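A.B. asks: Please build the complete structure, drawing on both the sequences and the hints.
Residue numbers (the UniProt record's numbering), protein chains in the order written: chain A, 1 to 285; chain B, 1 to 262.
I should point out that these hints are in silico values taken from the structure, not numbers from a laboratory. Relax, there's no trap hidden among the hints.
Here are the simulated EDC-like pairs of lysine to aspartate or glutamate, each with C-alpha atoms no more than 16 Å apart in a straight line: (1) Lys222/B with Glu209/B; (2) Lys157/B with Asp84/B; (3) Lys109/B with Glu188/A; (4) Lys31/B with Asp67/B; (5) Lys221/B with Glu245/B; (6) Lys157/B with Glu188/A.
Residues on chain A that point at chain B, a partial pick, calculated with CB under 10 Å: (7) Arg179; (8) His180; (9) Glu182; (10) Leu183; (11) Arg185; (12) Ile186; (13) Gln197; (14) Pro201; (15) Leu204.
Please read all numbers here as calculations on a predicted model, not as lab measurements. Each residue gets a CB set at the ideal place from its N, CA and C atoms; glycine is no exception.
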Amino acid sequence: MSETLDLAARTGLGTARTEGGPFRGLPIRLAATLRRTGLYLALPLVLIAIWQGLFEAGLIRPILLPPPTKVAQAFVALTLSGDLFRHLGISLLRVLEGFAIAAGIGLVLGVGIGLSRQLDRATDLTIQLLKPIPPIAWIPLAILWFGIGEGGKIYIIFLGAVFPILVNTIDGIRQTDHRHVELARILEVSRARFIAQVVLPGALPAIMTGLRVGLMVAWMCVVAAELIAASSGIGYLIMDARQLAQTDQVLVGMITIGAMGKLLDILLKEIERRLITWKTVYSGL
Amino acid sequence: MVAATARIEDLRIGPLSKTYRLSASSVLALKDVSLDIAGGSFVSIIGSSGCGKSTLLRIIAGLEPSDGGPVRLGGRTIERPGLDRGFVFQEHRLLPWLTVAANIAFGLKGLPKDEIRDRIEAHLKLVGLEGFANAYPAQLSGGMAQRVAIARALVNKPEVLLLDEPFGALDALTRIQMQQEILRIWDVEQTTMILVTHDIDEAIFLGDEVIVMSARPGTIKKRLSVNLPRPRDRTSADFLAFRREIYREFFTEAEAPFAYVI
Ligand SMILES: Nc1ncnc2c1ncn2[C@@H]1O[C@H](COP(=O)(O)OP(=O)(O)OP(=O)(O)O)[C@@H](O)[C@H]1O
Ligand SMILES: [Mg+2]
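C.D. replies: Structure (structure tokens):
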């Protein structure tokens, strides 16, 4: 009895010492978390430090590249005036609209083409010819068709996002494991169940990749469209600041675009992680 | 009365041949194979790699057409896969995104919900995996996954269960355990069992009959009736005599192992 207690006390596992376990573990886990976070943030922090250092040493002209401190000031000013988040919100809404249309059409068409050899044959050449045209090259036509209203920008976003979604969906379906196809044959599984329980779950990782790439392209397209033809949105903010030679505001806009893109990717990765629980991902050495 | 046993029909295979045609050449995988298998019996097929064992099983399953020879189950001619024949592959082939229960139910159709639940439960019990209904394949060991695959193949109550090296990927101890399991399942389900293996002991331990195949082209070389009472003792003199006889079909006396003289 006393021996058991002794052992429990030493290992911190006894009931009398429940608070001992977590408290003992915490500093170690905290240190590991800090180390990982440090590794994650080190490179951007170093780059910012070099950037500031170059300015302090008088090696760059502020009009061409204002220092981080000045960009931060502009960020605070744009945030306080509400301009930054108003333009960001407008861009984001455009992206979501264009992306939603692209996802709807890309997924439905992709599943259809992936499942039907006839449909694949009938659409392949068209898709292959349209795919290499950069969405930006559509902007002149979009302006003619839609003016500088919302329609044109949503159209450009749609064009940018739809192909990655479509192509990845088709690819994912084509990669259905032939051993699972054989299994479905052996068990005389109905076509509907085969699609729902074999084809679509198997294609889901590729579909999620398509959606992530599509969303990134959509985000890049909205900025491009706004740079050329818009009176609002984060791309317009950048263009407007450039005309007034406010380089610090240009940089605020650019950094906001990067941060927003990262946030959107985190969001989709999280959705993917929740949907695809069966796959163990190789995370590097 | 004993409707379950009366239902199991004999399997009459061939004579059939099978040629695989490739673009440049063709492979004669099976040549003039004839095989009658009594309903409800347990047949082991053994042969060296590439002798056409899987091909024969796939033809019986209806996954692969023969060059023309017939396969009959009772009065029916087999041309395509059907639920009267179950198949257990060498790898478990579970769908990783479905739970164990959903994997077992994958081939069930047209049944009311509670009947499906009952069948899943009964078959989980049959393969000794009660309590694992909601587990995912990634959470199972190799032996457990193969048990689920066996349950999935049996849940449609096939007359014939085709097993293509089902325990080939398992370690020796798990394999012996699974061999005992499959005999117990056979006892309960009364299906005809056709099991392909590379393992001489496994073939003798399980089969009413051992069929030895030879390669290039694949033919049936020998049929041995294993008239030993069950449960069989792998170390008994009779068992070792069968072992020696089959061994001789593959290797010369000089290469015979010392294991069976122990
Ligand atoms: N799909 C195929 N196309 C062409 N040739 C094939 C095909 N499947 C099998 N073969 C050939 O047919 C022969 C028999 O193959 P099979 O898979 O039936 O052998 P096996 O006895 O099951 O071998 P193992 O014990 O290694 O599994 C082999 O020579 C193989 O190369
Ligand atoms: Mg084989």
